[in-house]
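Engineer: Sequence:
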Amino acid sequence: MLRVTIHHVSGLEGCWAVLRMGHRRGPSDLRRFHTSASAGSSLIPQADDFAERHIGPRRHDQEKMLSMLGFKSLDELTDAAVPENIRLGRDLEVDQPLGEHAVIERIRYISEKNEIWRSYIGMGYHNCRVPHSILRNIFENPGWTTQYTPYQPEVAQGRLESLLNYQTLVTDLTGLPVANASLLDEGTAAAEAVALAFRQNKRRKVYLSDKLHPQTLAVVQTRAIPLGLEVLIGNIADIDFSNRDACAVLFQYPDTEGTITDFSEIIQNAQTNGTMVVCATDLLALTILQPPGEMGIDVAVGTSQRLGVPLGYGGPHAGFFACKSPLVRLMPGRMIGSYQVLRGGFGWDANGKESYRLALQTREQHIRRDKATSNICTAQALLANMSAMFAVYHGPHGLRNIANRIHNAAIILKRGLEDAGHIVENQFFFDTMKVNATLATSEIRMRAQQKEINLRYFRDETVGIALDETVEKQDLDDLFWVFNCRNTTADKVTKHLGEQALPPEHLSNTQFKRTSEFLTHPIFNTHHSETQLVRYMKILENKDVSLVHSMIPLGSCTMKLNSSTEMMPCSFPHFTEIHPFVPQEQALGYRLLFEELEKDLCEITGYDKISFQPNSGAQGEYAGLRAIMSYLDARGEGHRNVCLIPTSAHGTNPASAQMAGMKVEPVNVDKDGSIDMGHLVGKIKKHEKQLACLMITYPSTNGVFEDNVKDVCQMVHDAGGQVYLDGANMNAQVGLCRPGDIGSDVSHLNLHKTFCIPHGGGGPGMGPIGVKRHLEPYLPSHPIIDPMALMQKRARSFGVVSAAPYGSAAILPISWAYVKMMGPKGLRKATQVAILNANYMAKRLEKDYKVLYRGSNGLVAHEFILDMREFKKTAGIEATDIAKRLQDYGFHAPTMSWPVAGSLMVEPTESEDKGELDMFCDAMLLIRQEIRDLEEGRSDPKCNPLNMSPHPLVTVASSTWDRPYTREQAAFPAAFIRPESKWWPTVGRIDDIYGDRNLVCTCPPMEAYTSPYDQ
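Positions 1 to 1015 (UniProt numbering) are the ones given, in order, by the sequence shown.
Keep in mind that the hints were calculated from the coordinates and are not lab data.
List of simulated lysine-lysine pairs, DSS-like, C-alpha gap at most 30 Å:
1. K353 <-> K942
2. K850 <-> K872
3. K772 <-> K793
4. K72 <-> K850
Put together the whole structure using the sequences plus the hints.
Structural biologist: Shown next, in the form of structure tokens:
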């Protein structure tokens, strides 16, 4: 097979020239993959039926549903639903659809454009060995990838337990008492820590060590600007804290050059003067290195990537955040709580059974809005679960052995380099060293290229080497060769070192040695065989509702099919084993992927440029708003800072606006759910000179296509402002209308919604932003690999939003594959069927439930809101009771009490077939009858199937049953619920209020622990 090396090509344009030539398949170039399916051989037509597999209702079902609604075709339906003045009126200009096997061939070809070199770059990213059992049973398993955020804890006990394990892992290794269930990455976790410190002590100066990873420095600097913080970067040993004007000091331990420093004096001086101490650290190093908590540090942050998560060109990876107990209510992100009953039993649900839940949810954005702790919405639950299982599998001894093996390899490398005359500048280190070599850097670089090795090259001509758990003796020998260490081998150095018990630089010989135990809980000391681990993962998986069980009809969340074909490329080695900071000519596959996906997304949205750096929807909001502010400032209108946001907007909107330095002004909505035009006009007039932007969601958050959206955008533009259109409801637009045509200047796209990236039980997500051309120069940059580099003098970026240049790049093949397999007609039809499914369900339910909002033609968009408030008066039943009762029918509840308190917001998506829609509607109608039984006195007002739901198997199968309704009514309330296929909740209803008051955020105490096999 022909392979062309490209090391001689200089510059990204040169790389592209080589890429476009192709080097894997000879004369049959890329054009073969863009051939229309209908243009295949007449003897063997190419399969292109993916759209029919993605879309749930069959054609005859669609006809029945349309007939019920009074329409003859999908086009007739969507013409009635979508205002005429915003319709696209043509097919999208994306490639004709490829079949599933052709897409895999094509994406494999693209992936193999990436070159897998051995990367010893470090900087927070390290290669690791992902246990195949975890790769197959979590990362590649829809039972783990397609769950939703665990807001309904009774149907999420499995991943909640796993995330509690993750929190325990983080608290044990950092030596701090509380941790959250993950953040987006290390850089943003550090920025969140600085923001927490500012909220805590209100001081406006922050000190950053110049030995932080460059991307962390950049993210913190970017986030500090709109908060009005003064950022000072330098040698933190020189800081005088006595002025008591600093909110925080942030350093790396070990630092970005690998050095381990004694920070005890700095910590004491800072805290004596009221300055919070934040430490970015490495969890694997902390298995043998003194933990931050024992040093007195207030907050520890970092990434758990090297604990069993692939490099993936920068993400997705789980960031971690641990802190002292008094800071717990200021801590950003999600936290898993378990709790103890006062009389000694552990945990409790309605049956007194051990249970877990999301804790302290009152900190979240949909409640606190612009006063929220953070705008963080998506976390990295799937990747946190992988790291948790990595720790469960290896246990404390296994993790310590991995760390010692890496550290020993680093000592061997250091001794060999020094014996050859090179100077290693680090006195104490774990796995990373900075080498002042006797060779010229250019020669080292050339020799490293010959061995296909990536090193870190500093501006002062020194070289960084960061080792990892994949390093073998041959790798060390190759590094000795790169540095021209003649006659030096790992075996020779090892033999020399073997004459000493421990070399002086070994951490066991220093004051930095860890002496405390960690991961002592049985959960980390039980499942070390693959049999035990796989069974444990399966036990947890079986406790959760995911898309493998039933539809998850969450409004605004779009829980659609995540097909196996779309997911497969995420495991391709040429996507997973690439360090984010490799030379760009080694990542040409990723470059091609970005280029093609950007082209498609620009066509779908009507924007001119896409930035893939934001790795969540909330990050996308923040990035888009910062781009707007930078654009206005460049125009001499930096005084514009007012952001108008409808009261129905998702809570991340006002939280993001506040973080971007804007003043939030709420805009009322009318009784029909649309923007109150009178109130909007008044707000625009009042703030015309200060108006920066309007943030709207389209279709509206209330599930309606508003007819006047173009007029609204024009009014804002006429007043000198910009329009941010939240992309949460893009699933109702693709192929029918485009935000860039409506009048929006910028949108984020929730790729984990409309474009098929799975929700992962609460993350990963991706929130790239699309912008019109005038905002293009202000998109996110990066200090290492700058996505804006080709813009040269035009680039005026506001800064950096994520640690990796392209966010969670490794999951972008999912969205790429979705667009390629759907094609223009498939994308449009998916949107049309999403609207059809929502209107069909609303029609079926409208006689028994009040549908709150409809458009001008009596239609909803792709979601609708059911009002449950009347039932509290008539039957003492609230939306919560209906949500819990749905679990007995095998369904996850719709979005509860948002955007309207006491409501359920339903979104079926296009992927659910008519049979599934009907079963959900049947469940809702049967629940309505149960409410009537209460209203009309046929059921006990306190002990009835609704108030006592859900009904776990342990309750239904109990030898005692003293309830006034039957076991069958409790567990099998509908004909479609059969014993052989029923999904059982594993706990009864959980007491949220008690849980927040009695919070425990780590694994239960050992005396209360029971094996999962005994539960």
